[in-house]
Amino acid sequence: MEYTMFIDVETTGFIKSNPYLVSIAYSIYANNVINDDFSKEMPSKVLEYYTIVKPPSKDYIIPKESVKVHGITTQMAQEQGISNEEVIDNLHCVFDVYNIKTIVAHNIDFDISVMFIQLKRYDVKQTTCPLKQKMYDKKVYCTMKETTDMMNLQRNNSRGSYKKYPKLQELYHKLFDGEDFPAHNALEDVRACVRCYYKHLYNIDIYK
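Residue 618 is where the sequence shown starts when you use this note's numbering, and the numbers rise one by one after that.
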């Protein structure tokens with residue numbers, strides 16, 4: 618059996634700041650299909666996971682700017698979170714148990730880059746961390762980039778017109794007749810990404 622992983626992270630900032638994880642969610646779907654149009658059997662969810670992540674130290678304060686985005690305060694993270702090491706260990710187990718062929722995310726370059734930053738920190742405490750290579754070996758699919766032409770969100774700048782990358786909320790709104798979802802919660806973002814992925818590629822609503 619082959620599986621598809623959908624992942625989303627919320628962080629303390631942008632990539633250039635080497636951000637820390639604040640929360641992570643992922644969902645695993647079994648690709649139990651006989652043909653590409655899913656007319657025989659729908660893909661099925663086998664795992665859904667969400668956790669808040671502890672700050673790297675007791676003195677670390679999650680920036681106010683990022684709290685405004687995801688709503689997770691330093692106190693919440695300290696009280697409800699698990700360590701970065703536990704996050705990595707859990708992911709490692711997932712890749713050992715499931716034959717994951719594809720990793721999907723909205724703006725996947727960001728999510729993967731964030732995870733590699735965390736793995737680099739993890740490597741300081743571990744002699745080896747094979748999870749990075751396991752993630753490198755997977756196919757990736759970005760719902761942001763792959764739907765840019767379909768969304769056709771035209772913008773202009775000094776160099777002319779261009780198609781901007783759609784936000785997940787914009788894509789969701791388009792594919793599901795104006796529906797919305799509570800964005801910037803990692804679990805809700807993953808669920809929205811799952812729904813958009815199967816709707817865009819196979820014209821099925823996975824949650825119906």
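FYI, nobody ran anything at the bench for these hints, they're computed from the structure.
Small disclaimer: the values here were computed from a predicted structure and weren't measured.
Think of the CB as a built atom: it goes at the ideal place given N, C-alpha and C, for glycine as much as any other residue.
Careful, some of the hints might be misleading.
Cross-link-like lysine-lysine pairs, in silico, DSS-like; alpha carbons within 27 Å at most [what the hints assert, rightly or not]: (1) Lys756 to Lys737; (2) Lys780 to Lys751; (3) Lys749 to Lys780; (4) Lys633 to Lys685; (5) Lys662 to Lys633; (6) Lys662 to Lys685.
If you anchor each label on the Cβ, the simulated ranges turn out as follows [what the hints assert, rightly or not]: (7) Asp822 to Lys784: 16 to 22 Å; (8) Glu805 to Lys755: 28 to 34 Å; (9) Glu682 to Glu796: 25 to 31 Å; (10) Thr719 to Phe631: 24 to 30 Å; (11) Pro747 to Pro673: 31 to 37 Å; (12) Gln786 to Pro747: 31 to 37 Å; (13) Ser700 to Asp822: 35 to 41 Å; (14) Lys633 to Glu796: 29 to 35 Å.
Violating hint indices (sorted, rising): 2, 3, 5, 6, 8, 11
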